[in-house]
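Protein sequences appear in the order of chains Z and G. Residue 909 in my numbering sits at position 909 of the first sequence; the count goes up by one each step and never skips. Residue 1378 in my numbering sits at position 467 of the second sequence; the count goes up by one each step and never skips.
It should be emphasised that the hints constitute simulated quantities derived from the structure, not laboratory data. Check each hint, because a few of them may be wrong.
To be verified - Pairs of lysine to aspartate or glutamate residues, derived as EDC-like cross-links and limited to a Cα-Cα distance of at most 16 Å, are as follows:
(1) Z:K473 to Z:E495
(2) Z:K43 to G:D1185
(3) G:K1189 to Z:D36
(4) G:K1172 to Z:D507
(5) Z:K106 to G:E1404
(6) Z:K104 to G:E1404
(7) Z:K850 to G:D1185
(8) G:K1173 to Z:E864
(9) G:K1235 to G:E1165
(10) Z:K887 to G:E1284
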Amino acid sequence: MNKKTGSGILLLATILMAMYLWRVLKPAEKVDFSADIKPILNKNCIACHGGVKKNSGLSFLFEAEAMGVAESGKSAIIPGNGSGSELIRRLREEDPELRMPYQKPKLSDAEIELLERWIDQGAEWGEHWAYTLPEKVPLPVVSQEAGFSTGTASPFLKNDIDLFVLARMEGQPLRPNAEAPPNIIARRLALDLTGLPPDQNLFDAFTTSEITYETYVDTLLAQSGYGEKWASWWLDLARYADTKGYEKDLGRSMWPYRDWVIRALNQDMPYDQFTTEQLAGDLLPDPSVDQLIATAFHRNTMNNDEGGTDDEEFRVATVIDRTNTTFEVWQSTTIGCVQCHSHPYDPIKHEEYYNAMAFFNNSRDEDTPGEEPNVRMYGPEVQKEVDQINTWVAEHGNAKTAKAYKNFLTHMEPKYQLHNCEEFTNGELADTKWLALWNKGSALLKNVYTNNASAMYLSYWSGNNGSKITIRKDDAKGEILSQFTIDKTNGRVIEKVPFKKTNGKIDLYIEAQNNAIAPETATSFMVWAAFLEDLPGMGKPGYKAMENTFLKVLNTKVPEFPIVVENPEYMQRTTQMFERGNWQLKSDTVEVKTPAVLNAWEVAWPKNRLGLAQWITSDQNPLTARTLVNRVWHQLFGRGIVATIEDMGTQSDPPSHPALLDWLALRLMNEHAWSMKALIKDIVMSGTYRQSSATDAATYQIDPENQWYARGPRQRLGAEQIRDQALAVSGLLSDKMYGPGVMPPQPEKVWQSVYSGEQWVESKGEDKFRRAVYTYLKRTSPYPSFITFDAGSREVCTIRRTVTNTPLQALVTLNDPVYLEAAYHLALKMQALDIDRGIAFGYEKATFTKIAPEKLEILRRLYETSLSEFQSNAATKKAFPNFGKDKSPHLAALTVVANAIMNLDEFLSKA
Amino acid sequence: MDNMERLIKEKIRRELEAQTRRHFIKQCASGMGGLALGSFFLGCDPLKNEQKGMKMAFSDRDLNPLATMAPPFDSKVKNIIYLHMAGAPSQLEMFDYKPELRKLHDQPCPQSLLEGKKFAFIRGTPKLLGPQAEFSQVGESGHWVSDNLPHFKKVIDEVAFLKAVHTDQFNHGPAQLFMHTGSPRLGRPSIGSWVTYGLGSENQNLPGFVVLTSGGKTPDAGKSVWGSGFLPSVYQGVQCRSQGDPVLYIEDPEGISRNLKKQTIDAINQINKDEYAKYADPEILARINQYEMAYRMQIAVPEVMNINNEPEHIKQMYGVEPGKESFANNCLLARKLVEQGVRFVQLFDWGWDSHGTDHDNAVDLGLRNKCREIDRPMTALLLDLKQRGLLEETLVVWGGEFGRTPMQENREGKKMGFKGRDHHGDAFTMWMAGGGIKKGASHGQTDAIGFAGVDGRVSVHDIHATILHVLGFDHEQFTFEFQGRPFRLTDVEGAVIKEILA
């Protein structure tokens, strides 16, 4: 090794060591619990004395436990008396049988010293930054402007963000990079804000200074592409997919939710409202259809249709997923571990997990194959009838009845799913899904509130005529409440059968009789039953017709989309804790409550999901705004201010720029009223963002992760962007928005669904070329090239896509017909010009950069090689490219060049 | 900037970078012993371009993160084949013979064993379930093996058993993550990634770390069990399909010759090198290498993944089913891959979760079929490696993510229709064979009913420490700096299991 470097490193190490020792040993300095003590405890003690294990009755997870009396009868920590504390004594113990950490290396003297000093100073148990509110911070005063001469305004300083960044850069061998050239920043902005390369006119207007940087940013933020781009990020969090997941993985209609996200982002719906509608849209007063669609955020959970699976087990699985996802998405908190035990590191207790889960345990969905509840989307004709019914009920009934009818027409809830039947005689739960009674069969549906209704709505289908159904109160000898005959149906029907008015909760004993059918065959398959209060206005002219219209509307097949609907009071479930996270091992009953370590619950909030949304969006919640700021920052810079974007807490990295994080969080809430566009605009307007990402190896090595932002962000584009960009520059991209997922070309036999007959049917026309956000996503077999570029299968919430760099990616962009077709279409545009100008045009079209002579030279050579090969080889020239009619060697060679351009790192990355 | 100037700049920059790198290696090497620095910098440069005269001081690892590196300690062992039975196979029907358990069959499990224990599905007081297979002692080593594995008996003297492995995870996903990454939570690199990072690959035309799955499903924990965690992504496992195209888009479009593809990639990479000069982003170098590798993979992968060309007797030996996805095919592929110099081959076979809820997962029925599916191929694998002289340079590891209870599972406290065993992390069996491993050894013992290890208990970290040791690493020194601290595969634990080393 170079001697000079060696001694330099030695010197550096000595200085660092001295700094460390000084920080640690400075006697007067008050010890910071969060920064100095908690990490030592977490690293060395908590594995045995923490949330999972509490050896000797001692835990260092919570203050009360750490200060309390252990099994020995003593406290480990005596505040004010370090040397007298058992903790310190055991750390210094020489006998390895007694020394802690047990059977591990002794802690360093410096660490023990630190702990002792902390106890001497009173052993104050500090709060972690993540659980305290963002602090109002003054803007940093930058003394040297990191090497820029004072007096003249630094070109780096564009807004207040830059002051925070510069302040952290000071004292390091770093200084801000120059501003990126206009063409580079124009492309970076367009890709970051809309996921697409810039429109040529807009690009020209900006690069010729016809419009300002800010106008350029505003224009991009106003484009509909903005919502489509940022939706991919949110849909990862929301685990949005077009299939139900698990083994069968059948299709489902969730796309209106995806469209809702795109619209909400484009309209810049404030994040608090965006949050509330998704978590509790159904609980808002008189929710709109859009607000109901928004609740599908939590219907993106998987749904298990596999025969033999217990619907309740998978209902519980969705409730757990909703709990975990809510905390991961809004609170940067991985709460899942607490399901089984108190969190080993974060101060969230075992019971608190179930308190949180209780918020999600009272929705109507029960893992049924029909995915009820679904919002019903009526066409204009039927909608007229729906309106008539609603008007009638409003006119003749009270507000409660009006609401009940309106709800039932909207989503057909509340209803009782008959998979909850038990005590079967001569009958079964067909495929563990539907009530199937044989001749002389019976089953019991417990705890039913019949709403004093004189009719029951029953959904069923049957292949037999003449099955007599009797429903009795409570048991086989009970009073007959209803008796009717079921005949063969053409598919599923909803029938209205008379029912004896009863009050209160009863058990329904359901019997079937049909001597004419073979033994052990189902008289019918019953899906659900509902008890709706009687239609008001009896005796009024038109009553009968209105009743008929109602039933007809219910039986009208219309598009339906899963939503969340809360249980009415009489259907409320109690929530119990599970032992070790096992849903079958239920223990204590718990109430809805949020973790004590976070903000306090306000009395005015309803104790349901709506209250939870209010708690999350309260300006007293320390994590919501910070989480959003951190994740948006990560989207733009490829790194979070807290690098562990999944987690903010005692296990997370400390923020690289704590003051900036808090400043942005407060600004988002107080000045921007939760506007995401305003947050994004703040960041991209900064000088920090506008820097060039070009650097040299030595500078790069100082901060390889770019955590101090002495250069602009440079990352490979995301899966969706790579495809969208290829289609955009070749002119193939369709700008059609919304609607069901599309199926662009993918290789044969990628879908191998054993249990479902569902197939990948290649989309026609412009649907082949829609933006990637509209591509059909089958969870067990996502679109292959997206997976290769690190998109996920969206079975659960994905906070971060790990960016990889693999040969398989090269194979996609080189060989996937989608990319070849894009190359061909770019080549078509290149061929109008002479060779050099054509190549330069293609390159510039793709990269928004003028081609350098040596690059042109390289590409021209590739063109020439290709051309001579296509000319000399008659067989190949017919085969390539496999699009369009023109098979000239010239066009084929240009296609090869275009394919090469679209494989350049500068094309696949934003610089 | 003209070419010469660029080259000079590049050289200066390279030297600067090399210093940093040497410093890094020095740090590692000081603890790692005789790491041959030279191997880092010498060797062929796969990207050298004679035409442009760009013979630069690119180190192998910069241009090719999979360039071969010698381990710090001498080792003959170059490759690993890791056979993971996903779902957790029952040691009590395969290797851990417990005659006492047979005598106690159907007796209630003693309370003393249940106190303070929790199980995934067992409730109340379960009954003990005697071994659901016959056992015999075989080979010179006299190991007990069940009749579920008749072929395996032939190679019993090649392997070393670990009879008292334990884990603290009792659900599949976390336990698989733990077994393969040393942590039950997401985010750590898998063993295969560590090994490929540490040793590179012998074959630059194939991925260094290949994953093959069978049994109809991928592991519960998903692709993270072969993920690279915080290591560079190039070290993650590449899943190859044993039916259909082994890797999607591996075929060139019709009409594009190999030469033209080469010219295309050369052009792309030349331009990317310019880009690197401007941005100094190592991802660009990695991409250059990935394109080279993609080109070579296009030939090498279809070749190596094609088992049709193997001689008939070899196919029969493994019991392969060409065109299907099977453990047998994967075992043969594993041999072919290590023969070609692939560093780490990871096989996952799904379907070992013998709860006894139906025929397929009953320990006396479905488990027998699963054993039959692996018995012949894994035996053939050992024999085939041996006859080719590859066994000495290959470590073969077999195991699951945990074991199964000596008690019969009683879901919801009820007797179930089939015989099954619940998840059990306290004691289970794994085996290793091949280079560096003591033939015929057996380490560790469980109690009379196989509930817990009473002697020679080894942890998941110990397994990892041993694997790394066999490959020539000291697991305590083999670290990667991430988020301000050095990380190891074995975290802060692990001890080499010397008892099974040759």
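Evaluated hints:
1. Z:K473 to Z:E495: violated, 20 Å
2. Z:K43 to G:D1185: violated, 45 Å
3. G:K1189 to Z:D36: Outside the cut-off at roughly 41 Å; violated.
4. G:K1172 to Z:D507: Judged against 16 Å, a Cα distance of about 73 Å means the pair is violated.
5. Z:K106 to G:E1404: Since the Cα atoms of Z:K106 and G:E1404 sit roughly 14 Å apart, the hinted pair holds (cutoff 16 Å).
6. Z:K104 to G:E1404: holds, 9 Å
7. Z:K850 to G:D1185: It holds: about 14 Å lies between the C-alpha atoms, which stays within 16 Å.
8. G:K1173 to Z:E864: holds, 14 Å
9. G:K1235 to G:E1165: Outside the cut-off at roughly 27 Å; violated.
10. Z:K887 to G:E1284: Roughly 52 Å between the alpha carbons, so the hint for Z:K887 and G:E1284 is violated.
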